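Novice: Given these sequences and hints, build the entire structure.
Residue numbers (our numbering), protein chains in the order written: chain A, 341 to 648; chain B, 416 to 662.
Simulated from the structure, these hints should not be mistaken for lab results. Incorrect hints may appear among the rest.
[To be verified] Partial pick of chain A residues on the chain B-facing surface, computed with a CB cut under 8 Å:
(1) Asp425
(2) Tyr427
(3) Ile626
(4) Lys627
(5) Leu633
(6) Gly645
(7) Phe646
(8) Lys648
[What the hints assert, rightly or not] Once the Cα atoms are required to be at most 30 Å apart in a straight line, the calculated DSSO-like pairs of lysine-lysine come out as:
(9) A:Lys399 x A:Lys481
(10) B:Lys507 x A:Lys516
(11) B:Lys463 x A:Lys467
(12) A:Lys506 x A:Lys481
(13) B:Lys628 x A:Lys569
(14) A:Lys506 x B:Lys507
(15) B:Lys507 x A:Lys471
(16) A:Lys481 x A:Lys524
(17) B:Lys463 x A:Lys619
(18) B:Lys522 x B:Lys475
(19) A:Lys506 x B:Lys522
[Said to hold, decoys possible] Here are some, though not all, of the chain B residues that point toward chain A, as calculated from beta-carbon distances under 10 Å:
(20) Arg505
(21) Lys507
(22) Leu514
(23) Glu541
(24) Ile543
(25) Val564
In this text the structure is predicted, and so the values were computed from the model without any measurement. Don't be surprised by glycine CBs; every beta carbon is placed ideally from N, CA and C.
Below, each chain spelled out in residue letters.
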Amino acid sequence: MLNLDAVSDRLLEEVADLHKVPVGAFNIRANGEAVARNSTANIEIVPKTEASGIDIRIKPGTKNESVHIPVVMTASGIKEIVYNDFYIGEGSDVVIVAGCGIDNCGPKDSEHDGIHRFFVGKGAKVKYVEKHYGSGEGTGKRILNPGTEVYMEEDSFMEMEMVQIKGVDDTVRDTKAELAAGAKLVVRERLMTHGQQNAVSNYRVDLNGDGSSCDVVSRSVARDDSYQKFDAVLTGNAPCSGHTECDAIIMDNGRILAVPGLEANDVDAALVHEAAIGKIAGDQLIKLMTFGLTEQEAEEQIINGFLK
Amino acid sequence: MLELQHVSFEVNDDGGKEILRDITLTIPTGNLTVITGPNGGGKSTLAKLIAGIIRPTSGKILFDGEDITDMSITERARKGIGFAFQQPVRFKGIQVFDLIRLATGTKLSTVDACKYLSAVGLCAREYINREVNSSLSGGELKRIEIATVLAKASKLSVFDEPEAGIDLWSFQNLIEVFEDMRKNISDSSILIISHQERILNIADEIIVLKDGKLECMGPKDEILPKLNGTDSSIKGCGKGILKKEVE
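Specialist: If you want it as structure tokens, here you go:
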């Protein structure tokens, strides 16, 4: 069993659904240090020597295995940049669970910038889950700036689920991807901001190979005085298909900017962008109120469903 | 069960248009009542007044003897009023099961939720986990809407044009749903707004609204022949109330 405090345990549960030491390969980082690490026969985790971070090497053909690399921070005032590189072997099929939880009870800002690079081999399948969570009553901000680069070889598939529902004050998420022929990238982002929070999501996807495709869908809710920006640019450099969607609910004084960007450099590139921003429809509230829910309960249910 | 006393409703745009004028009526317990009449006659407005979605300009609404005129939608729902929308609402992310569960207000099992879907002629297995979003057709959505009102099991269930948007094949099924509800009505009541003769046929009482006024009301056997019959018989019920539609 890990020797972590109760707050860290709670954060681990929030970001990685972990109640105990995970099965398979893992690396758990707490307050700037690796506190537990495990490699398996097929998945090797090695710390970097020149910078903070790890290399995760997954052997070709590895099937039905998982890697957990959660990060928790409970000390106020830590600022770190961590570089994690994933080398995913040809034909493998794996689940990678990352995520960062920050509990800041102090006056200083806590910041974790995780830079993840994925090299997805031919025909490999990856499901990547990343959850961000913040808690603590301190005046110091909880800041997360994830940078993600994805390089996909032929016929590989990657599904990324990015979730940030609570407590992160400031986020700039930069995601870049390059897709070779037949590669497919699916991104599902769910985001909710409160208070004075700020969240920016930038996507740059280059569809370079014949038959490559991507689907980026963001569902978000901006409450109180928070601000969000969703900026997704797809570039079609070959016969390919791409779709981005920003579906957002604004409440109170929340503000959202959605910036569509499509660039087709091949006559057979089919690119679509959709964006819809608005408050909760009055009819939806009324419908749930006819079931006996109060307006506030109805709002909660609608948002819960929307971000499910 | 439900009593409307001199209820009027005005819209304030362009100098105050009166949509309903001095409506007084009673929906008795254990009855299936159908409100009918020409389009624009104020039927849907009346249903919304009962559910609390809009409030009357004047007059009183009593439910089980209690004045509910100033109660919110939520309070009325908790007192036992259910409402099926004419145009059901779509929700991104909320599944059919969630909606039925919210309607019952209990921690319902999937098996029990499925019963309500089967009752409205939907293959429960295929629909229970579907999102109530634009992937559902109008007819499917309408049946799910009716299933939620069945699930709520209200003392008074109000259906605003349940046949609207339902295809002919499903319509037979819908009639059966209401016939079943009628059989098990015991101490509850059903109020349906409808143009359909076959729905009028299963009514105990029929209320006819025209131009915002109560044209006539009474037992089905008394009112229906007047609506179905010749022009002269229509004149017999007021002043040619359904003439536009007959023509």
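Novice: Please write out, lowest number first, the hints stated earlier that are contradicted by the structure.
Specialist: 1, 2, 9, 11, 13, 16, 18, 23 and 24
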